[in-house]
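**Student:** Chains as they are written, first to last, in the numbering used here: chain G, 1 to 414; chain Z, 1 to 136.
Everything labelled a hint here was simulated from the structure, so no lab data went into it. Even for Gly, the Cβ is constructed at its ideal location relative to N, Cα and C. Treat each hint with caution, since some may be false.
As the list claims (entries may be wrong) - Partial list, derived from the structure: chain Z residues whose beta carbon lies under 7 Å from chain G:
#1 Y15
#2 R17
#3 N18
#4 G37
#5 C62
#6 A63
#7 F93
To be verified - Label-pair restraints from in silico Cβ distances:
#8 D216(G) to S129(Z): 41 to 47 Å
#9 E403(G) to S50(Z): 48 to 54 Å
#10 T36(G) to S50(Z): 48 to 54 Å
#11 S23(Z) to T36(G): 48 to 54 Å
#12 S94(Z) to R300(G): 50 to 56 Å
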Amino acid sequence: MQKTVPYDVQKVREDFPILKRVVNGKQLVYLDNAATSQKPQQVIDALDRFYKEYNANIHRGIYKISEEATAAHEEARAKVARFINARHAEEIVFVRGTTEAINLLAHSWGRPNIGLGDGIMLTEMEHHSNIVPWQLLAREKSAALKYVGITDDGLLRREDFAQHFENDGVKLFCMAHASNVLGTINPVREMIREAHKHGCRVLVDAAQTVPHMPVDVQDLDCDFLAFSGHKMCGPTGIGVVYAKKELLEEMVPFHGGGEMIREVHLYESTWKDPPYKFEAGTVNIAGAIGLGVAVDYLSRLGMRNIRTHERELTEYALEKLSKIRHMAIYGPKDAHVSGGVVSFNLGDIHAHDMASLLDEDGIAVRAGHHCAQPLMERLGVPGTTRASFYLYNTEEEIDRLAESLERAGRIFKL
Amino acid sequence: MSSIYSEIILDYYRYPRNKGQLSSPQIKAKDSNPLCGDVVEIQIELDSDSHVKDVRFNGQGCAISQASASMLTELVKGKSLDEVRKVSKDDIFSLIGGQLSVARVKCALLSLKVLKTGLYTYLGSLDSSKDELASL
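Bound conformation, chain Z alone:
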C-alpha cells in the first residue's frame, strides 16, 4: 500500500519551512500531545492591517505533527485573522494528502489547535471557542 509518508511530508519534516522564533509576536501559543510527546509552538506577527505578516513554529515530535505545523504556517501567511479563523481540519487533511489512521489524527491537528488557541486568546474569545478547540 502507498504510504501516508509522501515525499511532501518527508520534505517538510526534514526541511521545515518557517521554523524558529519571532522577536515580537502578537499571537503565540504552545501545546503538546501528552500521549506522543509531540510539542508545537506557533508565533504570529501581524501587520497594521491585522494580516499575518510573519509566522514561525517550533517543536519536536513525529513527522506528521511537525510537517503539518510547517505546512500550516505557509498556509496562513498573508491571511487576515478572519481567514485564519476559518482554517479547518479538512484544510490540514488536504495538506497532508492522505488517509490518516485514527490514532494519528491528533498529531496532524496539534498545530491547528495551537494556532486557534493563540488566535482566540489574542481576540479575547477563548472561552466561547472551547467547543471548537476540544474538537481538534
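Looking at chain G on its own, in the form it has when it is part of the complex:
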C-alpha cells in the first residue's frame, strides 16, 4: 500500500462540522454512509461561495459571473473525469444521481439497442435502481431479464454468469461494483473482460465504490459507469454517467429542452454533441461545482488511503460484532473483498427496533430492505440493520456501536 502519509482520521473529522452534533445526549456516531455521506466544510464553503459570489446560469451568459460559473461547472466535469481516469471530460454527463444515471442509460442506450428476445443480465445483489429501469425496458421491448445469483457468502455465482452468456443472448450486463447491503466488492474488471468476449456491453453501478476506493474506468474497461455525488462528500442532486465516447455519440437524447439543442425548428431539431446532448434545461450548477470540490478533497486524502482506512475499520467491526452473542452478519467476512458495509441482525430483534435502540444512543444506522428486496428474499430475512463506514469513522465509534448492540440485547433479553 502506498500509505506514505499516515492517515489522520482526527484531522479529517475536523473538516466535518456535523460530527460535533449531539443526538439524544450523545455525540453523533454516523454509520449510514452507504445512504449518504456527510459534507466537509470545503464543500459547504464552495456552495456558499457560488451563491454569494458568482451564481448565474451557465453557457450562454455574456457577462462576467456567468462566464465564471460556466468555467467552474466545466472544470468540475474535468475534475470528475480525472478522478475516475476517463479519457475525455466529454465522457462525463451530469445527472441527479445514480438512479437518474441508470434511467438515462436505459432510455438513451437501451431503447435503441435492446430488442425482442435480447437478454439483459443483472445480479441478485442489485439496488432497486439497477433493477427497475431494466424491468421497464424489458417489458417495453419484450427482452428477457437474467440474474446472476449469489452464494451463501454473498459472492456472485460465476457459473450463472457463464451460463447466461451461453444460452441467453445477453447484450447488456448491469452489475453493482459493490453491494450496498453486503459490502461485497465484485470482480468487475475480470467480468467485464469476459462479457466483452461475448460482445456484451457492461454497466457498472459504482455508487458504493467511487466514494471509497480508486476506480479507473480505463482499467476496468467498462462501457458505462454510474455514481452519485452525495455519497462522496458532495451535495445531493448531482451524479454522473460515464460512457465511452463512441457510445455517447450514438446514444439518443434523454430529456428534450433547452441547452441540449444545436438548432430548433418547428418540426425538428438537432442536438449538441455529448455530454450537452444529455443535459437539458438548467443543470445543477452548484451541485456540480460542489462535487468538483468533493473530488479535490478526496484526491488530497488519497483514495488508496481512504480504502485502507475503511478496510481496517471493517476488519475491526467484523471482529468486534461477531463476538456479540446472537449476532448474524450477512455477506463476506473478509474485509479484502468487502467495502465498509456490515449488515446484521441480532437475535430476533427487528431491524427497525434495532435502529431505534441505536438512535437512543446517538448512533445512526439504516434498517430495512435497503432498496434491495430481491436480495432480502435470497437471504430469507425481512430486513437487516446496516452499519456503513466512511473516511471519518473511527474504531471508538465502532466500540460505541458494539456497546449499544450489547445494550439492545439486554433490553430484548436475548
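Please build the complex by placing chain Z on the supplied structure of chain G, with the hints as guidance.
**Tutor:** The following block gives chain Z in isolation, referenced to the frame of chain G:
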C-alpha cells in the same frame, strides 16, 4: 437515555395477548406498512348488544407494531362500537408510554388504522372516514 422499549412493550412483544384467529368475526381488516413490512390483522366478534365480545390480532413486524396491536385488543375488549370509534392516536401513545421518534409513529398506529378500517367497513362508513384513516 431511557428506552422506548420498556418492560411492558417487551412483554407484549414476547408474550402477545389476544393473538390468533376467531371463528366467525363480524369485523376484520388487515394492512401492512410497506416501508417496514409490518403486517397487522384484527378480527372482532360482537355480542347481541354490539359490544366487542372477543378480539384477536395476527401479524408480524417490529416490537412497536406488534406490542401496540396486542395492547389495543385489550383496550377495546368489552367496549361498544361507539367507544371503539373514539379510540385515538393519543390512546395508543399512552399505551406505549414514551416518546416515539417520527419514523416509528407509523409502526405504532398501524393496528389502530386496521381496527378503524374494519370498523368503518362494518358500519358502511368507510368513504366518509377517509380523512381520519389517512391521518393514522
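**Student:** Each hint: holds or not?
**Tutor:** Now the hints, each set against the structure:
1. The beta carbon of Y15(Z) is not positioned within 7 Å of any beta carbon in chain G (closest approach about 12 Å), and the interface hint is therefore violated.
2. At a threshold of 7 Å, the smallest CB-CB gap from R17(Z) to chain G is about 18 Å, leaving the interface hint violated.
3. For N18(Z), the suggested interface contact is broken, since its CB lies about 20 Å from the closest CB of chain G, more than 7 Å.
4. For the restraint placing G37(Z) at the interface with chain G, the shortest Cβ-Cβ distance is roughly 5 Å, inside the 7 Å limit, so the hint holds.
5. The beta carbon of C62(Z) is positioned within 7 Å of a beta carbon in chain G (closest approach about 4 Å), and the interface hint is therefore held.
6. Because the smallest distance between the Cβ of A63(Z) and any Cβ of chain G comes to about 5 Å, under 7 Å, the interface hint for this residue holds.
7. At its closest, the beta carbon of F93(Z) sits 15 Å from a beta carbon of chain G; the interface hint therefore is violated under the 7 Å criterion.
8. Roughly 59 Å separates the CB atoms of D216(G) and S129(Z), a value that falls outside the hinted 41 to 47 Å.
9. At roughly 53 Å, the beta-carbon separation of E403(G) and S50(Z) lies within the given 48 to 54 Å, and the hint holds.
10. Checked against the hint of 48 to 54 Å, the C-beta distance between T36(G) and S50(Z) comes to roughly 52 Å, which is consistent with it.
11. As the Cβ distance of S23(Z) to T36(G) is approximately 50 Å, the hint placing it in 48 to 54 Å holds.
12. As the Cβ distance of S94(Z) to R300(G) is approximately 54 Å, the hint placing it in 50 to 56 Å holds.
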